[in-house]
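Participant: Sequence:
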Amino acid sequence: MINVCEKQVAGLPVLEVVDAKLMHEKLPLVLFYHGWTNRKESFLMQGYELAKLGMRVVLPEALYHGVRADGPVEDHAVSFWQITINSVQEFPKIVDHYRKQDLLLNEQVGVGGFSMGGITTCMLMAQYPEINAGVVVSGTPSPVEFAKIILNNLPAGMEVSDEEIQTTLTALADYDLSLHPQKIGQRPLHFWHGNADPTVPCNLTQDFYENIKNQPSALHVSAHFSEGAVHKMSDTVTDEMIEKIKEFLL
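Residues in the sequence shown are numbered from 197 upward in steps of one, following my numbering.
You may find that some hints are simply not true.
Claimed, not checked - Below, in silico cross-link-like pairs of lysine-lysine (DSS-like), each with a Cα-Cα straight-line distance of 30 angstroms or less:
1) LYS217 <-> LYS203
2) LYS379 <-> LYS442
3) LYS289 <-> LYS222
4) LYS217 <-> LYS289
5) LYS222 <-> LYS442
6) LYS428 <-> LYS296
7) LYS222 <-> LYS248
8) LYS203 <-> LYS222
9) LYS428 <-> LYS203
10) LYS428 <-> LYS442
11) LYS296 <-> LYS379
12) LYS409 <-> LYS428
13) LYS379 <-> LYS344
Claimed, not checked - Quick list of simulated restraints, FRET-style, between CB atoms:
14) ALA265 <-> LYS289: 15 to 23 angstroms
15) GLN382 <-> THR432: 25 to 33 angstroms
16) LYS222 <-> PRO351: 41 to 49 angstroms
For the record, the hints were derived by calculation from the structure and aren't laboratory data. For every residue, glycine included, the Cβ atom is placed at its ideal position computed from N, Cα and C.
Let's have the full structure, built from the sequences with the hints guiding it.
Facilitator: Below, the structure written as C-alpha cells:
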C-alpha cells in the first residue's frame with residue numbers, strides 16, 4: 197500500500213508519498229515540483245508511481261500556491277521568479293529533514309518538475325551539486341531568456357520598472373544552466389518538451405541541448421522533443437519521466 201501524508205517538513209507544507217512498508221526505511225528521495233497555478237496534489241499520480249518503485253517522494257507546495265495561497269495565484273504573476281527562487285532556497289531544508297531522520301539512502305536525491313517546476317528543477321541543478329539527477333518536463337534551463345519573455349508580456353496593470361527587470365535578470369543569472377552548463381557536472385539530466393508548447397518555448401530547451409550536448413559536463417544529458425505536443429504532462433510523458441528517474445536513482 198502506498199501511503200500519502202500531508203505534513204509539514206521543516207515548517208514547509210508537502211505531500212510525502214511512500215510505500216507504507218518502507219516509510220521508516222532509508223530510501224532514495226525524489227522532490228517533484230508542480231507548475232504555475234497548480235498545487236502539490238496536482239502531481240500525486242506521478243508521486244504514487246515513483247513510490248511504487250521504492251522511492252520516497254516529496255511534493256512541495258510552491259509559494260502563493262495551494263495551502264500557501266494569498267488570493268488568486270494569478271495576482272502574483274510579477275512574483276513568478278521570487279516563487280522559483282524561494283523553492284530553490286527551501287530545497288536544502290527539506291532534504292536535511294530526511295537526512296536528520298536517517299531516512300535518506302546513500303545521499304541519493306533526485307529532482308523533477310513540470311513547467312514552473314521544471315524551471316525550478318534546472319535552477320536546483322545549477323545550485324546544488326549534491327543532487328544526483330534531474331528530470332525536466334516542459335521547463336527551461338534558460339530562466340534569464342524566459343524571464344525577458346514573461347516580463348515583456350505581463351497582464352495589463354502589472355507593470356514592472358526597467359530597474360526591477362534588470363534586478364530580476366541579474367538575480368537569475370546564477371541559477372541559469374544555459375549560462376553555466378559546467379554546473380551540470382556530468383550528472384544525469386533529462387528533458388522532455390513538446391515542440392508546439394505555447395507556454396514555455398521549446399526552442400530555449402532545444403538551443404540549450406544543441407549547445408551543450410557535446411560538452412564533457414553534459415555527458416549524461418538527454419532530451420526528447422515531441423512533435424506537435426503542447427504544454428501538458430500526459431500519461432506517456434509521465435511514464436518516460438518515471439523510467440528516467442528509475443534509471444538514474446535505482
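Participant: Look at each hint and say if it fits the structure.
Facilitator: Checked hints:
no. : hint                                  : in the structure
1   : LYS217 <-> LYS203                     : holds, 19 angstroms
2   : LYS379 <-> LYS442                     : holds, 22 angstroms
3   : LYS289 <-> LYS222                     : holds, 18 angstroms
4   : LYS217 <-> LYS289                     : holds, 25 angstroms
5   : LYS222 <-> LYS442                     : holds, 16 angstroms
6   : LYS428 <-> LYS296                     : violated, 36 angstroms
7   : LYS222 <-> LYS248                     : holds, 15 angstroms
8   : LYS203 <-> LYS222                     : holds, 19 angstroms
9   : LYS428 <-> LYS203                     : holds, 28 angstroms
10  : LYS428 <-> LYS442                     : holds, 21 angstroms
11  : LYS296 <-> LYS379                     : holds, 27 angstroms
12  : LYS409 <-> LYS428                     : holds, 25 angstroms
13  : LYS379 <-> LYS344                     : holds, 23 angstroms
14  : ALA265 <-> LYS289: 15 to 23 angstroms : holds, 21 angstroms
15  : GLN382 <-> THR432: 25 to 33 angstroms : holds, 28 angstroms
16  : LYS222 <-> PRO351: 41 to 49 angstroms : holds, 46 angstroms
Hint check: a violation occurs at hint 6 only; the rest are consistent with the structure.
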